[in-house]
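Visitor: Construct the entire structure; sequences and hints are all you get.
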Amino acid sequence: ALNEEGMPQARDLQRVQSSQSRKRKAEEASVSELGEIKSFNKAKGWGYIHSEALLAKYGRDIFLHKNYIHEENLAMENLAVGDRVSFTVEFNEEGLPQARNITAVKRRR
Numbered sequence: 004a005l006n007e008e009g010m011p012q013a014r015d016l017q018r019v020q021s022s023q024s025r026k027r028k029a030e031e032a033s034v035s036e037l038g039e040i041k042s043f044n045k046a047k048g049w050g051y052i053h054s055e056a057l058l059a060k061y062g063r064d065i066f067l068h069k070n071y072i073h074e075e076n077l078a079m080e081n082l083a084v085g086d087r088v089s090f091t092v093e094f095n096e097e098g099l100p101q102a103r104n105i106t107a108v109k110r111r112r
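Residue numbers for the sequence shown follow my numbering, beginning at 4 and rising by one.
Honestly, I wouldn't trust all of these hints.
Stated by the list, open to error - Here are the simulated DSS-like cross-link-like pairs (lysine-lysine), alpha carbons at most 27 Å apart as the crow flies:
no. : residue 1 : residue 2
1   : K109      : K41
2   : K41       : K69
3   : K60       : K109
4   : K109      : K69
5   : K109      : K47
6   : K41       : K60
7   : K45       : K109
8   : K69       : K47
9   : K69       : K45
Rather than coming from a laboratory, the hints here were simulated on the basis of the structure.
Guide: Okay, here's the thing in structure tokens:
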């Protein structure tokens with residue numbers, strides 16, 4: 004398509020993931036991580052998981068959303084700051100780490 008000055012104009016652009024980006028997502032998603040709930044807003048259904056190793060790796064805590072909590076005993080209503088969880092990491096379109104497959108870690112007695 005041409006713009007008002009008759010110059011070529013790109014339309015309907017779509018972001019394409021590079022093979023490196025897809026490889027990174029696949030590698031990260033297959034590794035189970037451990038952390039603890041740093042914050043969680045029950046009304047909004049999101050919060051953050053803290054892990055020293057991932058903070059060092061990514062420079063930030065890991066975002067969590069209620070849709071990725073995969074365990075009945077870790078229902079959103081029961082999620083509390085300090086709970087230990089296991090999860091995998093995937094990246095959103097902006098390249099930021101997100102928690103997936105979130106499950107509770109049983110505490111030793």
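Visitor: Hints first: check each against the structure and report whether it holds.
Guide: Hints versus structure:
1. K109 x K41: holds (17 Å)
2. K41 x K69: holds (14 Å)
3. K60 x K109: With a Cα-Cα distance of about 25 Å, the restraint between K60 and K109 holds, given a limit of 27 Å.
4. K109 x K69: holds (19 Å)
5. K109 x K47: Satisfied, since the Cα-Cα distance of roughly 26 Å is no more than 27 Å.
6. K41 x K60: holds (17 Å)
7. K45 x K109: holds (22 Å)
8. K69 x K47: Holds, at roughly 9 Å.
9. K69 x K45: With a Cα-Cα distance of about 9 Å, the restraint between K69 and K45 holds, given a limit of 27 Å.
This entry satisfies every hint, going by the numbered hints stated previously.
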